[in-house]
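Visitor: Below, each chain spelled out in residue letters.
2 protein chains.
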Amino acid sequence: MALLILGHPNIGESIANKAIIEEIQKANPNIEIRNLAILYPDFKIDIAKEQEALLRHDLIVFQYPLYWYNMPAILKQWFDVVFTHQFAYGSKGDKLKDKKLLASVTVGSLEREYRTFGKHNFRINDFFKNVEQTAYFAQMTFLDPLFFHGTSAVDGFTASEIERRASSYAKDLISFIERVELSSVVQ
Amino acid sequence: MALLILGHPNIGESIANKAIIEEIQKANPNIEIRNLAILYPDFKIDIAKEQEALLRHDLIVFQYPLYWYNMPAILKQWFDVVFTHQFAYGSKGDKLKDKKLLASVTVGSLEREYRTFGKHNFRINDFFKNVEQTAYFAQMTFLDPLFFHGTSAVDGFTASEIERRASSYAKDLISFIERVELSSVVQ
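From first to last, the protein sequence lines stand for chains A and P. Counting in the working numbering, the first sequence tops out at residue 189, every number present. Counting in the working numbering, the second sequence tops out at residue 189, every number present.
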């Protein structure tokens, strides 16, 4: 099944990501979840362990909140140290070849605020070119990111509303993961 | 003068960023340099100190190497924790208003490889939308990034060639910083 790399720096303070992870753990315990901030509170990532986890799976899901239009630092550190030369790229660096990369991202603002003349000026996908090209450079298949918009109290959502919508989003995410896995087997 | 936030995780192992910083220290000691990886080897950034440094300057330069089409994790952590609510954004979060943000980035590959059908598929500026929109959200003025391309031995550059070109790049960067500072005074 899939590997899910959780890039939230503090899941205890999260509403949306916490609800998503709990739904996944309940619905499909075959999905391997690695909570980076719990595993590596000091940012000292065990490269060999992370690479072994990647080798076990064909679909790699990155679950994280959007911070400053980008991934949180703990997840960036993971890419910086785990995607090494001759593992992810280089003349012999084909260990991730044809594996699928999916970003599943929680976003504070609503989707309609990500547009020209909107609060955030750009389309949300414009902020994912670095993730997309990272996948290509590692010879991975880039799947279009999935977004869970509206995690901010500023937009009037209560915690229980966010939890309920996040659980529903997680169900769709699990279905998507299972369909991707099934299509890989059928191929 | 300007504040320069150095986001290289290990300047001791750097060629280009090291040469750039050394040239700046020699040519203009008024530029305040903060080496994040030396100040915060454990990623535990002193938020108050970093915010005070920002308040001292009108031009904020980010000097870093491009890692996976993005900033290194130590610099992302800096944004994640220093650009707080009611400092960088929010109803009273105007402390960075009208300050200028400049990214100065070293890039392994040559510029011609950043294009459609090139090795990296996208134009280099396509990877900077998150930095650009971060500036806008903090009410800062975004200056077009400056790039130092060709830091990779793969492209046949020797260390001394990279050092020489990096010193030359640093001179241009210093001139640019001084012109920006001068134009602020004239306004």
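It is worth saying that the hints were derived from the structure and are not from the lab. Among the hints, erroneous ones may be present.
As the list makes no split between identical chains, a pair holds if one copy fits it or if it spans any two.
What the hints assert, rightly or not - Capping the alpha-carbon separation at 35 Å, the derived lysine-lysine pairs in DSBU-like fashion look like this:
hint, residue 1, residue 2
1, 94, 28
2, 121, 99
3, 94, 121
4, 173, 20
5, 28, 101
6, 121, 97
7, 131, 99
8, 173, 94
Visitor: Mind listing which of the numbered hints don't hold for this structure, in increasing order?
Guide: 1 and 8
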